[in-house]
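Using the sequences plus the hints, can you model the full thing?
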Amino acid sequence: MKNFRAEVEGQRDYLLRYAALQLRDRAAAEDAVQETLVAALAGEKSFGGLSNLRTWLTGILKHKIIDAIRKGGRETHIESDEHLEALFDAAGHWKSFPAEWDNPDRSLEQKQFFAALEMCLEGLPEKTARAFLMREHMGLEADEICKELDVTPTHYWVLLYRARMALRKCLEMNWFSK
Amino acid sequence: MRLLNCKEATSLASQRLDRRLGLGERILLRLHLAVCDGCSRVARQFAFLRKAVRQLGKEER
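Chains as they are written, first to last, in my numbering: chain A, 1 to 178; chain B, 1 to 61.
Incorrect hints may have been included.
Heads up, simulated DSS-like pairs for lysine-lysine below, C-alpha to C-alpha not over 25 Å straight-line [said to hold, decoys possible]: (1) A/Lys-111 - A/Lys-169; (2) A/Lys-95 - B/Lys-7; (3) B/Lys-51 - A/Lys-169; (4) B/Lys-58 - A/Lys-111; (5) A/Lys-169 - B/Lys-7.
Here are some of the chain A residues that sit facing chain B, going by a computed Cβ distance under 10 Å [said to hold, decoys possible]: (6) Phe-4; (7) Arg-168; (8) Leu-171; (9) Glu-172.
Hints listed in this document are in silico derivations from the structure and should not be mistaken for laboratory results.
Heads up, the beta-carbon is just placed ideally off N, CA and C, and yes, glycines get one too.
Here is the structure:
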């Protein structure tokens with residue numbers, strides 16, 4: 001492909017955004033993307049136009065992101081659960097009943113919604129966000145994430161539960177109630 | 001067999017997206033969701049979050 005380099009370069013912004021979301025560190029994200037572009041240009045033959053270029057590049061980037069997470073070391077502290085505790089009374093029932101969201105699918109057509117979602121993701125504790133995004137954005141399997149983050153399945157479920165509860169609360173306050 | 005409270009029910013609704021629940025868990029969750037509007041909403045919102053996050057970064061800017 002004659003313009004392969006230009007086409008690969010054209011995906012840089014997309015890849016950077018993908019990596020920054022997952023790594024929460026601009027420099028680490030830029031490194032991961034740079035390595036991805038280098039690997040992609042060296043591996044043009046293995047692309048062979050068989051799949052969508054963005055999909056293929058994202059596949060390479062995922063590996064680079066996981067490498068970066070490994071290099072960054074593993075946090076061992078358990079993040080606090082107080083936000084979750086505050087939602088329920090001692091018997092485990094809602095203190096304040098969750099609201100119905102008005103036509104959430106319509107939000108998916110609004111780019112301000114995605115800005116609100118990103119803001120809510122940024123508000124999550126780091127490990128919680130990382131586990132959640134590895135699952136829901138990168139689409140990795142749970143056992144793979146447990147291995148990479150060195151957590152037990154039980155801890156992983158807690159992280160995902162915590163992330164989902166915090167995100168729904170954040171969107172409810174910052175998007176769906178407006 | 002003890003019924004689930006809302007905290008346990010929403011936790012299982014979350015886990016349902018990450019692993020296959022056991023038969024007992026599925027029955028308990030279904031019983032709870034059938035009578036609890038709040039937890040049913042949250043379960044739907046969890047599924048919506050998955051859909052939204054998958055689209056994140058792909059939307060037109």
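Hints, verified against the model:
1. A/Lys-111 - A/Lys-169: 20 Å, holds
2. A/Lys-95 - B/Lys-7: OK: A/Lys-95 and B/Lys-7 at ~11 Å, within 25 Å.
3. B/Lys-51 - A/Lys-169: 17 Å, holds
4. B/Lys-58 - A/Lys-111: With a Cα-Cα distance of about 10 Å, the restraint between B/Lys-58 and A/Lys-111 holds, given a limit of 25 Å.
5. A/Lys-169 - B/Lys-7: 14 Å, holds
6. Phe-4: 22 Å, violated
7. Arg-168: 5 Å, holds
8. Leu-171: 8 Å, holds
9. Glu-172: 8 Å, holds
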